[in-house]
Amino acid sequence: MKLLEQQLRSLRSSGRKALVPYFVAGLTPDWTQHVEAAVLAGADAIEIGIPFSDPMIDGVVIQEGVLRSLEAGTTLDSICKDLSSLSTHVPLVAMTYYNIFFHYGLERAAGKLAASGITGAIVPDLTIEESREWHDACDADDIATIFIVAPSSTPDRVALLASGTEGFCYASARMAVTGRSADAVDAKRVIADARAISDVPVYVGIGIGTPEQARDASMVSDGVIVGTALVQLILDGGDVRAIEDFIGSFRLAIDTAPARSDFLSDAEE
Amino acid sequence: MKLLEQQLRSLRSSGRKALVPYFVAGLTPDWTQHVEAAVLAGADAIEIGIPFSDPMIDGVVIQEGVLRSLEAGTTLDSICKDLSSLSTHVPLVAMTYYNIFFHYGLERAAGKLAASGITGAIVPDLTIEESREWHDACDADDIATIFIVAPSSTPDRVALLASGTEGFCYASARMAVTGRSADAVDAKRVIADARAISDVPVYVGIGIGTPEQARDASMVSDGVIVGTALVQLILDGGDVRAIEDFIGSFRLAIDTAPARSDFLSDAEE
Amino acid sequence: MSESPSFMSSPDARGHFGEFGGRFVPEALMPACLELEVAFRDAWSDDAFQLEYRTVLKEFGGRPTPVTPLPRLSDRLGLELYAKREDLAHTGSHKINNVVGQTLLTKRMGKTRVIAETGAGQHGVATATAAARFGLACTVYMGEVDTKRQVLNVFRMELLGATVIPVTSGSRTLKDAVNEAMREWVSCVSDTHYCLGSVMGPHPFPWMVRELQSIIGIEASAQLEEMGVGTPDLVVACVGGGSNAAGVFAGFANTSARLVGVEAAGGSAVGKGSPGVLHGMKSLLIQDEFGQIEEAHSISAGLDYPGIGPEHAFLATSGRAEYESIGDDEVLDALKLLSELEGIIPALETAHAVAWIMKEAGGAIPKGSKVLLNLSGRGDKDVAQVREILRGER
Amino acid sequence: MSESPSFMSSPDARGHFGEFGGRFVPEALMPACLELEVAFRDAWSDDAFQLEYRTVLKEFGGRPTPVTPLPRLSDRLGLELYAKREDLAHTGSHKINNVVGQTLLTKRMGKTRVIAETGAGQHGVATATAAARFGLACTVYMGEVDTKRQVLNVFRMELLGATVIPVTSGSRTLKDAVNEAMREWVSCVSDTHYCLGSVMGPHPFPWMVRELQSIIGIEASAQLEEMGVGTPDLVVACVGGGSNAAGVFAGFANTSARLVGVEAAGGSAVGKGSPGVLHGMKSLLIQDEFGQIEEAHSISAGLDYPGIGPEHAFLATSGRAEYESIGDDEVLDALKLLSELEGIIPALETAHAVAWIMKEAGGAIPKGSKVLLNLSGRGDKDVAQVREILRGER
Ligand SMILES: Cc1ncc(COP(=O)(O)O)c(C=O)c1O
Ligand SMILES: Cc1ncc(COP(=O)(O)O)c(C=O)c1O
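These protein sequence lines are chains A, B, C and D, in that order.
Read in order, the letters of the first sequence are residues 1 to 269 in the working numbering.
Read in order, the letters of the second sequence are residues 1 to 269 in the working numbering.
Read in order, the letters of the third sequence are residues 1 to 394 in the working numbering.
Read in order, the letters of the fourth sequence are residues 1 to 394 in the working numbering.
Please keep in mind that the hints were generated in silico from the structure rather than gathered at the bench.
Please read these numbers as outputs of a predicted model, since none were measured by experiment.
It is possible that part of the hints are untrue.
[What the hints assert, rightly or not] Covered by chain D, according to a simulated footprint, are these stretches of chain C (three or more residues, beta-carbon under 8 Å):
#	segment
1	189 to 202
2	268 to 278
3	345 to 358
[Said to hold, decoys possible] Once the Cα atoms are required to be at most 30 Å apart in a straight line, the calculated DSS-like pairs of lysine-lysine come out as:
#	chain 1	residue 1	chain 2	residue 2
4	D	Lys336	C	Lys336
5	C	Lys107	D	Lys272
6	D	Lys58	C	Lys58
7	C	Lys359	C	Lys336
8	A	Lys2	A	Lys112
9	D	Lys107	C	Lys367
10	D	Lys148	D	Lys272
11	C	Lys336	D	Lys148
12	C	Lys370	D	Lys370
13	C	Lys58	D	Lys336
14	D	Lys336	D	Lys272
15	C	Lys148	C	Lys336
16	D	Lys370	D	Lys336
17	C	Lys367	D	Lys58
18	B	Lys2	B	Lys112
19	C	Lys58	D	Lys367
20	C	Lys58	C	Lys107
21	C	Lys272	C	Lys359
22	C	Lys370	D	Lys107
23	D	Lys148	D	Lys58
24	C	Lys58	C	Lys370
25	D	Lys336	C	Lys148
26	C	Lys336	C	Lys272
27	D	Lys148	C	Lys58
28	C	Lys336	D	Lys58
29	D	Lys370	D	Lys359
30	C	Lys370	B	Lys112
31	C	Lys148	D	Lys148
32	D	Lys367	A	Lys112
33	C	Lys107	D	Lys370
[Claimed, not checked] A few chain B residues facing chain C, derived, Cβ under 10 Å:
#	residue
34	Phe52
35	Ser85
36	Phe101
37	Pro124
38	Arg174
39	Asp245
Yeah, the Cβ is synthetic: ideal placement off N, Cα and C, and Gly gets one too.
Next comes chain A alone, as it looks inside the complex:
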């Protein structure tokens, strides 16, 4: 079991729901301070978005963030360099499209990530069927490969993905690109299917935009991923303080959630 998964499993054992913010790396010059602020405000792990020119599964907000970052000259190398100055104890997970790693060279990329303290990778356009080479490249560097399950995934596929994923299983809350609001029914089935197969932690992402949605999602999962809303905040000029407040509000909502969620029952009405 890779380090990332060990850490996330023990987080779950501690009874704490994971809060995982997503940042577009290089979006602002001080982006690593944003990351630190998020950790300070209660983030349990960080998704480091490595910009790609054709972010196929991302919505307009993240596209905009990615584009700005690219215009600023962000590369995999520049991100890793920035990360060397980051001091944090929480796990870092890279999120990017496959071509970035493929073009860099898979083993070289995995080594680079590891050297920068990254212990996991989400590659939304890397299907499990095509993941063998990447997986092999990661093993030496103890990088976990995280797969996404979708509401459209058949039970067979959820089983395949939930057993193949490392670190956590990324349950997308709805059939949509990032940045649209969550759909309770969609999330519910995927999570149930994944849990039936594996005891890997399951985090809900895609469509979690408000503390309330985060709270509701956390009640049926082991953690939540917050992307678009945070990127929007930064695009709008939000500073370190604003990020702390933002993450803090999500933390609070999650930590004060009742035992059972309306997130599911609401949707069933």
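Chain A is already provided as a structure; the job is to place chains B, C and D with the ligands on it using the hints.
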């Protein structure tokens, strides 16, 4: 033999070459005075152009004249009415496209022309093959039907046309619409062919724009027709006096021609 | 192969279809008309010419064009509709059938150049196309108004190596382009053929062009047979000069099929016209009380002609075919309906035929009738115009 | 009937052509890709489906398209040239072959809607056409830049009942239209099929689209046989995504014919690209040193794509086919020459293939070679643009 031909034959017998100006009827309110001026200046017969919307064989100048006349409201009836005030001793020949007569009714049209003192008709789009009905309609009213022979006419066709025509045989001087200058070679052959078949007077038209051309053409034929240059004069605002001068200059050139023409020998060079 | 059914048989020796047709041209053009008639008679009965004509139409022109069932429009209208797809022929309309024949004939006569008139530019583009293919020089006369309305078709002709001459006389549209082409022909008959674009003009054009277009009807009737449809109850085509209609009618004239030609209301020579003589032929024409030809007015340039081919005048007066007319406003709806339901954007000309079918389905066309629509051309040339009109309406 | 020759055989079980191809899509789309693969395998081996596909292409699409000898261009270049006339297919290019297959499949899968990406609008118009014909709802994604460049194609799609969505992300051209269509597909896979326009994207698209386009090569090879030409020495096609090239190559892959694909110099994925992953496939892509995809730049919108279908990447690296590139400046001359000499105005895309033949006649193409040009589309859509460029040059 129709009256027109009798008159034109006796003109020829008198040794005089015929000068036949063409007028767009109705082009100006005082167009009949223009006709009278031309007669005064030496015209031997007049072509009365009855405007038709689609003057297929006419060049731009006559088209323009026809259009203006139509815009002024000219009709076959209005022309005939105008003609009732005309006092002249020379033959009048109508020139128009077949649809004008066809639409009016052939017999009615022939009767109308006759009642207005017109004794011949040139209908350039009425082929001899299609002329039977018109011919029949004209007989009762002693209207002569004048056919045109063209440089492209085969000897057979020249024979057919020269024997079918009444009044005179209209030899077009070149393969072109009215308003382009004459081509000696073209005219020469047609005239020779016509003369070989028939002793009907042969007049040359189409492309006679200057007194010199008229003089040359008259030397190999029995008369000349002047259209475009005269219409241009009138379009340019030429008055009765200008018309007299214009026709007079043609008359003079024709009457002072030497016995044998350079019109033909030039062309043979 | 070359014979038309006997109802639409050859005209008489001087080119008459009943009281219509004939030759009404300046003497300067008579020899060319006679030469053309002889050449065409000779070629048309020559198997080698027929083979070449058919081969070029097949390999170059895209024939046979299919017959397409129109299931969704049929459902909507309660009819059984089929379309003969001249829109799929090279250059986008039936015009290519005619020009391929005439350019082959031009070469056979030893001439090296063609001239043509054009309205919207379809016939001009087709002529320029065939001229390019056979290495003939080509000049196209086009009303100045039309050259401005159809800038792209002018450019298309130029790309094909043709010279386009804007005609500035008269109404500066199709009628005047014909006048001008005739005028020009007078001065160059010896090396130039006038490639007339429809079943009009002096004999032998109306007959020759019909023969060259009859491939439409001959193919369609065999195709309907093969598809198990048999003889349609109705054959419908739009009518400008009438060449696509004559071509498709020729395949059905001796069957029980009703034949319907659809004119533009503003150019309805049968509906509003009377006998007259224009452009070398006696036919039905729109004219005023004095015999002056009136200008046609139609949303579709290809139907913007004040006359109709003489054989149609004959078919109309003899009752073998019926002629109806459709106004501009009905045309756009028909164009949209065929596009949306069948995925075929028809030419505005063709849309007149569609509009009449839409209007009369269940009325003059009994429910369940088998109807063959001659889809004379594609609408690509018209979309800019249609877009402007629909925008204006908003 | 459905089998491709064995050189261009089926990809492996996961859609690989050698090292290229595969599936690189969000998990949300995997079930749809798998469903599509099963549905296509099933349909493609079902005689009833094959019959329907062939019948629609015949009756509606205008197939078979002819093979046209090009005698005057042949003379000029010292070659023996033939053109496979996809320009005569309904909507004016080979794109219809693909969309007819995919819309029939959409119905077979019980879906009621199609979405598509488009660059210049050819694939969008074709998709809108087939959707209209089969009563499917249709949404087309088109870069905002392209919607402005191709206003008339947008209107054409709207006339056909489709909704056109301008894509405002990224470079606002074809590449981004694909991204956006993929994004949208994620949210509507249950009732919507993504009708991809070329031999690209995730498995089974590259294989399926090639199969659906292989009718071009299958027909052409039989036609050349029938014309007595036999196997050509060379088969040339332009390459954007590569569907028309794949379609024609499929008929000759197992013959001695050299296969040449011609890319736009500004979008030359084989010439200037390197292996990468984009739009669901591993293939050759134009990318910078960091793996960021670069924008292609071509005079012809249909070749304005930074990648190439994975099977072409395989054919290129395996040496079975050669890929060349042609610059914008050479394209216009080729377009003019084919127009003037043969009476066929080709699409700007197609003109790339013509330009390469012109350039290499007597060079890389030995004198006297028998060359089959895949004439992928007609130039009507491009004349306005060409006119502007030529005017600018003056
Ligand atoms: C598509 C189409 N249909 C019909 C016509 C009308 O001509 P005709 O009546 O000779 O078929 C035209 C003329 O341009 C045309 O382009
Ligand atoms: C006429 C034509 N040819 C070629 C192409 C390029 O596509 P492909 O390479 O898939 O054939 C296009 C694309 O729009 C096209 O319209």
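Go through the numbered hints given earlier and state which of them the structure violates, listing their numbers in rising order. Hints 1, 2, 3, 4, 5, 12, 23, 27, 30, 32, 35 and 39 contradicted; others consistent.
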